[in-house]
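Given the coordinates of chain A, work out where chain B should sit on it, guided by the hints.
Protein chains in written order, with this note's numbering: chain A, 139 to 889; chain B, 139 to 889.
Treat the hints as calculated values from the structure; they're not laboratory data. All the given hints hold, so there is nothing to weed out.
Pairs involving identical chains hold if they fit within one copy or between any two copies, as the list cannot separate such chains.
With a straight-line Cα cutoff of 25 Å, these simulated DMTMM-like cross-link-like pairs (lysine to aspartate or glutamate) come out:
{"no.": "1", "residue 1": "Lys722", "residue 2": "Glu615"}
{"no.": "2", "residue 1": "Lys581", "residue 2": "Asp740"}
{"no.": "3", "residue 1": "Lys741", "residue 2": "Glu615"}
{"no.": "4", "residue 1": "Lys820", "residue 2": "Glu864"}
{"no.": "5", "residue 1": "Lys209", "residue 2": "Glu232"}
{"no.": "6", "residue 1": "Lys741", "residue 2": "Glu655"}
{"no.": "7", "residue 1": "Lys617", "residue 2": "Asp729"}
{"no.": "8", "residue 1": "Lys617", "residue 2": "Asp744"}
{"no.": "9", "residue 1": "Lys741", "residue 2": "Glu621"}
{"no.": "10", "residue 1": "Lys397", "residue 2": "Glu232"}
{"no.": "11", "residue 1": "Lys188", "residue 2": "Asp748"}
{"no.": "12", "residue 1": "Lys617", "residue 2": "Glu730"}
{"no.": "13", "residue 1": "Lys789", "residue 2": "Asp812"}
Chain by chain, the residues run as shown.
Protein chains: 2
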Amino acid sequence: MDSICHRGLTVLFMLSSAAGVVFSQPMAGFDTSRAPDERSLEAKFDAAIKAEDMRSWMKDLSSHAHHVGSKYDEKNAAYIASLFRSWGYDTRVEEFSVLFPTPKTRLLELTAPVTYRAGLTEPPIPGDTTSGQTAEQLPLYNCYSCDGDVAGQLVYVNFGVPKDYEELDRRGIDVKGKIVIARYGGSWRGIKPKVAAEHGASGCIIFSDPRDDGYFEGDVYPRGAYRSEFGGQRGSVADMPLYAGDPLTPFVGATKNAKRLPLKEARTLTSIPVLPISYGDALPLLRALGGPVAPAEWRGALPITYHLGPGPATVHLKVEFSWDMVPIRDVIATLKGSGQPDEWIIRGNHHDAWVYGAGDPLSGLVSMMEEARGVGLLAGRGWHPKRTIVYCAWDGEEPGLLGSTEWVETHADELSGKAAVYINSDGNGRGFFSAGGSHTLEKFVNQVAREVADPESHVSVSERLKAVQILRATVPERKVLRERADLRIGALGSGSDFTPFLQHLGIASLNIGYGGENGGGSYHSVYDSFDHFTRFGDPGFVYGVTQAQTAGRIVLRLADAEVVPFDFEDFTETIALYVQEVMKLADDMRDETDELNRKIRDKTFDVSADPTETWITPKAENPVPYIDFSPLQNALALLKRSTSLYCDAWKTTVAAGGALTAEKARSLDRLFMDFERSLTTKQGLPGRPWYVHQIYAPGRYTGYGVKTLPGVREAIETKNWKEAGEQIVIAAGTLEHAAGLIDGGTSLLKQ
Amino acid sequence: MDSICHRGLTVLFMLSSAAGVVFSQPMAGFDTSRAPDERSLEAKFDAAIKAEDMRSWMKDLSSHAHHVGSKYDEKNAAYIASLFRSWGYDTRVEEFSVLFPTPKTRLLELTAPVTYRAGLTEPPIPGDTTSGQTAEQLPLYNCYSCDGDVAGQLVYVNFGVPKDYEELDRRGIDVKGKIVIARYGGSWRGIKPKVAAEHGASGCIIFSDPRDDGYFEGDVYPRGAYRSEFGGQRGSVADMPLYAGDPLTPFVGATKNAKRLPLKEARTLTSIPVLPISYGDALPLLRALGGPVAPAEWRGALPITYHLGPGPATVHLKVEFSWDMVPIRDVIATLKGSGQPDEWIIRGNHHDAWVYGAGDPLSGLVSMMEEARGVGLLAGRGWHPKRTIVYCAWDGEEPGLLGSTEWVETHADELSGKAAVYINSDGNGRGFFSAGGSHTLEKFVNQVAREVADPESHVSVSERLKAVQILRATVPERKVLRERADLRIGALGSGSDFTPFLQHLGIASLNIGYGGENGGGSYHSVYDSFDHFTRFGDPGFVYGVTQAQTAGRIVLRLADAEVVPFDFEDFTETIALYVQEVMKLADDMRDETDELNRKIRDKTFDVSADPTETWITPKAENPVPYIDFSPLQNALALLKRSTSLYCDAWKTTVAAGGALTAEKARSLDRLFMDFERSLTTKQGLPGRPWYVHQIYAPGRYTGYGVKTLPGVREAIETKNWKEAGEQIVIAAGTLEHAAGLIDGGTSLLKQ
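Chain A extracted, bound-state conformation (with noise of 0.2 Å):
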């Protein structure tokens, strides 16, 4: 191990000092004359990041469970409350206190054509240190699963998503009253009960596929590491795109006297029991499985024939669970701004794990600490931010974003008037610079990614990571990466603390990390240790250094800059592809509707069956109406025009070197956080009140994928053209209230 970090540190330094050129560019949101201190406080900054403290912080704070309601991790949370205080932060831990079900009884049995009980245990592995621990382990199970005691025929649905059950309606397959077996993969975890219990199933079971997550993938731990054959995947199915934190108090902080919603009346848990197993356990059931052979794309890397059922695989799954209320911690450390204590600039990172966590928060955390402590190292010798910097260590992520959820829900007002940029962050390892936001910030991310040396390449890891994009690019794809000045960063869906800021309060946030060259299966298994992440994930801390250095620098930049470096040109863009988007959504449905039933008409699926398997010809379906996007492509324009406006006005105003009035300053970032609420509305998107932003949410169907002008392209999907006519209107109404604010902007330049 020791070797490969030193080695890593070494080729770093060497970077530091190669990418040195970098320095004399000009810095988004600092006046020429400032940027060479401000860069020169980073390299101090960049020199105070040692591995050796992640090292230990993430062993210290991996050698137990820690997980919501555990003692460890209250333990942890007070120790990651001291340090923060030890490194001269203003810091206090926010308690809350949320649902958490834990299993009490979990059994899933196969009752024909033979039988076999599942384990739903994963073994303790020799070289894996904390996996004895057996004791503290929470189980497998995933969290806001209904109680149920049910019983049926087997059916496979692949992912679980819409789609496979238009495949399986084909072959004349229902779920009614059955329990189906879906893989992980293909949308979030919890979209599969959920669509599950809409098709009629009475119980979703949830498997690792080894195609997916296992020996197709790569040697398994602890050879390699990849998921082992009774490794599973623990995690939430609340239905977070309806509301994320805790399922009793949606839209109000889980403070001690908050209103609770009765469990009953809690809809983000799921009405049919959900439990998540190993490929070790899914082997039996599957290899049960009679009906007709699933689809090519649907079968997986078992050894076996995939079929779809139903049956005569029956199966017995119970599960029930202790609806506890228990206490979640977040640290909340600050330090005040010495300009603008008012405008905040919030990182995050949960603390809280499903069992050890060294991936998952942990290697995300300890470099967020490592920052923190070297920002804190500078403001120890005399730098003071501007505006004020709050770091936030939250709990309970994992059942549902609760820890930064309630604090969000509770500190709203607060918040709104002050939030400035939310910086995110969760699990980190080895690889590609990623990031994704909000697109005002796209230029600022694009240009911190040309300043930070990757420790493997020698070059920015800006250069990487479109070095790998190319390589993985289609020909169209290639050449925007080539011609267009920025990476494009990509939008925020859910999954991680960004939700609460971005979608429910319109705060501008990023997520950034590294990753790509961790590859392995111990997500959210009890192999998530740190004997696993040290051989796999990031030996030597090398890419958390890294991380460290991105971030760090992000902070800065945005806490010390005279203006908040925020852009309108890439968000326009953004914007305008979005509209093509949805609008070539539309057109593609119309033309596969009118295929479909040509089809139909044509008999083509009836001739072309086979006549010894069912297949039931799909229904016609309605034509796809012209829908009326004028409205959007009119905001568009009117938001391309006051955008070009206000570049014009930047560039021969405070690009020409004009003064810049700190009045003035505070009245653009003021504008630029107005700028991202405006973004909202305050009815929220159809059926979901509590997501607010109109360009980007978490896809009802999707869970952690994004859908961006959300209201506009989920009517579209789901073929609701009323609604689609009257989300464009509010999609448009955005844009053009945020033109508004562009031209505000452009005024004031000008004044």
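This is chain B only, laid out in the frame that chain A set:
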């Protein structure tokens, strides 16, 4: 079984009458007044076709192993000949003497890191009657492998085609002196040892991966039709793209006194030993491999992580053969033409098998026999074909198209003068019509396919094929399928007995059959049995009947037509596609080479590579020059003009009801024959003069897979720009010559 059989037949009869509407259509090659007579002849023919004959012949012919040189091979030939005689054919058995090695020693051992000795045997399976006759079965082996006794480290090479070795190069893996293990698929099997040897490997193991041929595809035998754990695939590994037939007698018939090459000069034998194994035997070998994890697309369905090696697995491979000369026996049955006896319509299917060969080739053979019986019956009732019909049951197809090739080589002069069309079939099964061949016959085949009823779908086999092609098509393909009058027929590469006719003599050929719903994995194993075929291949021989009706119509019409129903329009349109393709090939290669070189220059590979793995940066390649395609473009323009003038002339003469004298009709037949011959050149293709056709050839590195415009295409593919230029001139000359022949036809029509 019987119930399926009866259902199929009932459906068929209903269809025959339902399909009556097409009978009013014109019939290519026939005067409008004669078409009804021909169709009534076909109705009589249809009525004669009986599934029960096929079943009983197959049961008999597959009751014992009947590979080349076996007692039952001889017995079957005699039996088939006796039947043809009984149906009124002038029948003889033509014998040749060919090299046919069979194994004396087959040894495959894993010698490290653990030991395993491959069983190399296919166990008897309960319910599969013949599988128990182990004594008479030819063991699992690859025919025309050289003798060899080699040992060394093992390397997994995916399909073992050239691009797989490029991938290995990228990872710094060299196969020199090592033994490669390749999975079946991705090319014809004979390509694998050839390419392995070109890269310096000392031995080659070929295994059937369950991903492509086993439980991944469907339930294994006997539960289902697919290859079971220890089922293997025999087959020839001769370098057939060099020349077909007996390795010792290229260009000449392997008659008793033919001049033979010494064994050492037989260039189609492999230069390294080869052995095929089951996935049961492959598993321990693959499991023992170390080195990098194989690329995702290389991984099969065995429950392991696929590694590339080399080693630590080392193997010992020893194969020794009896290099025997054995007799092969072609059954040639002639029905002399009454009008143009010197114009031959030749119809063939092989009779030899690797073991029992119920599917391959007997399913096709018994259908052809029933077809021949039907034609014989018509002849017995006073009908006489205008042209001579020759039915051929080939021996020795499996080792390398021996029977057909030696017969063609022996009778080359006579065939060049007399053969009008060769119609081939091989295995046949339940499913969709499939046709490949000379595009001058595309319109004709389409017309026939529109008049044969599909026994499952109640529509014509053409309509059913179109439906399934539409379902599988991309959007642009779908448009063509719907708008083009004819379904495209494939171009022929190799893999069955059409090769010597089409590609060595330039005789217009067709290859037809049904399949696609007869999925399974009995190919070239002992389980290709009567029991297997009648459960999964074509229960009730329903598609055997359909095939007889299809091929029967083709034979009857070709034999009876006033003029052979050829057409230049589809041919020319197809050639235009091929010309487009080879030009695009060069352009695409240019873009790819430029892109590769840019990535090397930009360090895209280096920067994105994982430093913990071995990655060799590819070498920069010479830019692809612009090639002078103008000779080909000009020749194509000429061909288009000639075709268009011929069509006009046809429309204003024959199609307008003008009289076609017998002499003119004969001249047009001659034109047709000369036309296909004109597509050949004396010198043949570069490096393989046996293959003389300039439009269709098996690919040097695909084997069965066709390369159209092969001289030009393969020169470009191998970046031999000088040869590409030369081949463009040759192909252009060929097309110009062909255009000249068409012009002659136009003059003839106008006379």
